[in-house]
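Undergrad: Chains as they are written, first to last, in the numbering used here: chain R, 105 to 535; chain V, 19 to 319; chain P, 1427 to 1594.
If you are wondering where the hints come from, they were derived from the structure by calculation, not from laboratory data.
Please note that a few of the clues may not be correct.
Simulated restraints, written as ranges between beta carbons of each label pair [said to hold, decoys possible]:
# : chain 1 : residue 1 : chain 2 : residue 2 : range
1 : V       : Gly129    : P       : Gly1525   : 25 to 35 Å
2 : R       : Asn534    : V       : Lys264    : 48 to 58 Å
3 : V       : Lys264    : R       : Arg505    : 49 to 59 Å
Ideal Cβ positions, reconstructed from N, Cα and C, are used throughout, including at glycine.
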Amino acid sequence: MNEMLVTGFLIVALFLLLGSGVWIGLTLAGVAWIGMELFSSRSAGDAMAVTIWGSASSWTLTALPLFVWMGEILFRTKLSENMFKGLAPWVNALPGRLLHTNILGSTIFAAVSGSSAATCATIGKMTIPELTERGYPPERVIGSLGGASTLGLLIPPSIVMIVYGVAAEVSIAKLFVAGVIPGLLLAGLFSGYLMVWALMNPDKIPEADAGMSFGEKLRASSELIPVILLIGGVIGSIYVGVATATEAAAIGVVGALLLSAYQRSLSWQSFRDALLGATRLYCMMALILAGAAFLTLSMGYIGLPRHLAEWVGSLGLSPGLLLVALALFYIVLGCFLDGISMIVLTMGVIIPTVQAAGIDLIWFGIFIVIVVEMAQITPPVGFNLFVLQGMTRREINWIARVCMPYFLLMVLAVTLLYWFPQIVMWLPGNM
Amino acid sequence: QAKWDLATAYPASNFHTVNINQFVADVDKASGGKLKITVHPNAALFKAPEIKRAVQGGQAQAGEILLVNYQNEWQLFGADGLPFVADSYDEAAKLWKAQRPLLEKKLAEQGMMVLFAVPWPPQGVYSKKPLNSAADLKGIKWRAYSPATARIAELVGAQPVTVQAAEVSQAFATGVTESMMSSGSTGADAKLYEHVKYWYDTQAWLPKNALLVNKKAFDALDKPTQDAVLKAAADAETRGWDASKKANTESLDKLKAGGMQILPAPAALKADMKKVGDTMLKEWLDKAGPEGQALVDAFRK
Amino acid sequence: MRRALDALYDGCAWLAAVFMIGVLVMVLLSVLGRQFNFHVPGTDAYAGYSMAAAGFLALAHTLKRNEHIRVTLVLGKLTGGARRGMELWSLSAAVLLSGLFAWFSLRLVMQSHEFNDISTGNDATPLWIPQLGMALGTLVLLIAFVDEWVLELRGQRQHIGGPETRHE
Ligand code: NA
Ligand code: NA
């Protein structure tokens, strides 16, 4: 089969370039270039420049650099220290203790941010240094962050849902609402997993702080006020109509600057460090996004994802088997493409198939979003893996390995949604 | 055998895309499979603002653009976005007849051809509160998504706000915006009836999507295939206008079923808007020069 | 030469940082405009252009600080000549790819100018102007990769400032 040959060739090229240490963004562009020149009748150069410019200057992306900047500012304040001081006395009894801050933090931040990379970068800037310093095992710290930060896509607002909603012509408001319970379910699964792990490995979790009286606990909780104000302000700005979901990131930056001024950690030095740090971290992501945009274009020209989707659709499977096949298809595709590209490149073909099989399009939207979440943490191309590598300087295969349990939990979640579709449909059904 | 890529920004189920898919199938059949066109919906290949230059540069042999989007480049692209100049399907058809030769000349200079154009349904005013005259629009948050809609806001004293298409529904829900001018189908697609109560059928204008092809790619086809393309294009234009009318009825039904009130424009609002339209036409003629005047004359003949 | 190059990378990074502030200012203008009834047309487009400039102009600086990520699994296990060979290979590939990137970014600017490609939004900006940021940024990235390549060949390449990747 010719298609198989092309696929195989491109995957080999991808692994060779990545493995030999070529920078990731350039590798993606390189594979896209090879694919387009060899397997399509179009020449690559001008199309590459047009499409990279279009994606790099696209307004929808502006929340990403701003949230990255917000994280860099907060990282230089006492906010995360305060947050941990405030939370610690309450979670002492919970197996896994402060590890849950990654899950809780990501779930809350997911209600602000529509992207998993922004969630990962912002929460990670605060939790990774604090948790590591307190002696929590790095593989749990980074794994739980990588897994939980994908919730940015499932808990509204969500860029992926908007893209899907437009392509499938379903109500974006309903999709947003439909994502809430599955999002909380996933967060619960992640936390539950951490608890089970902590109960089985009690020696790997640092000792609890000394017991406190209830009054002392409450006093410690006052440390949480700044973070509550900040998050409340950002979420509130969306829901009272001051800002759109994308603009909320700017409110976040201003809030972080104010907070940092209030805590007297704002100086020319810290402002400059945060600004340049954010510029570099965003720049690292921008190079990868540029490569990914070009790879998407190249795949569009070659038609690989489209043909594979057509092939899956032509098998004439029963709804259950079709979903299994689609899950496998998207998981494999998700190893190599970023989430939004997967949706854009295949929806035209997949939606009619799914409709014909009698599958509800809102339910399918949530299904797709969770599968796209998985794609963020599957190697070799997984955006959360890249963000975590940029922040921690650890090897990508190590990061992928520690994120694996969360990938499996997402598979479990999708299975649960299949058997209990009410988890998705109940809230939008009551709108 | 030639292979073309056709870029469009709209989803596969949109009536424009359905029409284009039929056009592609017709071409395939009439050319005996000598021209295979792959449609890339959903902006999978290029995003809406990039499609024109992608066709011009030959990165895609064909592409569908919203003509008024390109008014910044050349005023005449914006002719079908002038409020209350061509305010019904028949008027829009007349305008297209006057517009087409001028457009063909301009696009030929840029190495492109226009195959056919199909209008969107007529533009009305979405509003969260009832409107009687333009005075009710004063200070209201009005979504300005194009130079024309921004100018309307200025002229009626509304507060223009910037909201991206993807966020329209949420922006209405949270009050970031309270009003905008758009077709019934935009609102039906975005399920605006969930947050907006009124749609006033002002029939302000009927913007058109045009299918462009790269001239070199077209010239490279043999004569019978070229003829097949032109024939299929003519059919697609006829079919597309009917589909637009049908989409209009269907989307207004959807809005009604969703609980939105579909109302004719009150006389005062209509009169105020007509004044806005006259001002904008005058301003447009100043910018568009003799070419613009020629177009208006041909249209009003 | 060394100082001129470093000044080039850092100068571009500062420019990128200024554009980062530009993203914030543009988005804030749009938010504040709604609250205080003023309208700056095209803030969304300007925010996008600023973001692109911030991303592209910082490319070389980020590379020099070793903050662009790559898979160093194999590289980290090699030593001596083998490591140097592999570094030279990956740098050569990077020079080629960033060269293509820079060349076609320059062509994008020239074609936008030639096509008279103007933003379709309320800003009506001739697109070659904001695209200059992409052309300049990718060109400086190419220079930085050539710089790294030469340093590697001479055995003088070191990572300034950036923390080393951890292997485990
Ligand atoms: Na979210
Ligand atoms: Na992946």
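Undergrad: Compare the structure with each hint and give your call.
TA: Hints, verified against the model:
1. V/Gly129 / P/Gly1525: 25 to 35 Å: Distance hint for V/Gly129, P/Gly1525 holds at roughly 28 Å.
2. R/Asn534 / V/Lys264: 48 to 58 Å: The hinted range 48 to 58 Å is violated for R/Asn534 and V/Lys264, with Cβ atoms some 33 Å apart.
3. V/Lys264 / R/Arg505: 49 to 59 Å: holds, 55 Å
Comparing the model with each earlier hint shows a violation of hint 2 alone; every other hint is respected.
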